[in-house]
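Chemist: With my numbering, the residue at position 29 of the sequence shown is 28, and numbering never jumps.
Be aware that a few hints might be false.
Ranges of calculated distance between the beta carbons of each label pair, as one might list FRET restraints [what the hints assert, rightly or not]:
| hint | residue 1 | residue 2 | range |
| --- | --- | --- | --- |
| 1 | F65 | E44 | 27 to 37 Å |
| 2 | L13 | V39 | 52 to 62 Å |
| 3 | E44 | K84 | 56 to 66 Å |
Everything labelled a hint here was simulated from the structure, so no lab data went into it. None of these values were measured; they are calculated from a predicted model. Glycine residues also receive a C-beta, built at the ideal position from the N, C-alpha and C atoms.
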Amino acid sequence: MKLSQRKNALSTVLLSCTLLFTITATAQEASLEQSLAATVQAQGEKVLHDLSAELSHSIKAELNRFSMRYSTVETHELAAISEQKKSIQQKPKS
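The task is simple: from the sequences and hints, build the whole structure.
Modeler: Next comes the structure, spelled out in structure tokens:
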């Protein structure tokens with residue numbers, strides 16, 4: 000009977016240890032999943048922020064290029080008009 004009791008006690012201890020380690024592993028697994036999810040979410044937010052900043056910078060640069068082209072064309076047109084006025088004013092004097 001002592002052998003039977005020892006087997007039962009040993010079985011109980013082994014079963015308890017197995018359950019304890021299984022529960023701990025499951026808890027660590029859940030914690031790992033939460034950590035990975037938080038990391039992925041943080042990286043997603045960073046990428047979104049970086050893309051937004053890059054897009055904003057690109058739009059501003061394109062607007063600046065457009066306004067510089069427009070002001071250059073406008074300046075050339077004004078210069079051409081003033082040249083025409085000067086040549087018209089100079090012709091009657093000759």
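Chemist: Look at each hint and say if it fits the structure.
Modeler: We went through each hint and held it up to the structure:
no.: 1; hint: F65 x E44: 27 to 37 Å; verdict: holds, 32 Å
no.: 2; hint: L13 x V39: 52 to 62 Å; verdict: violated, 38 Å
no.: 3; hint: E44 x K84: 56 to 66 Å; verdict: holds, 59 Å
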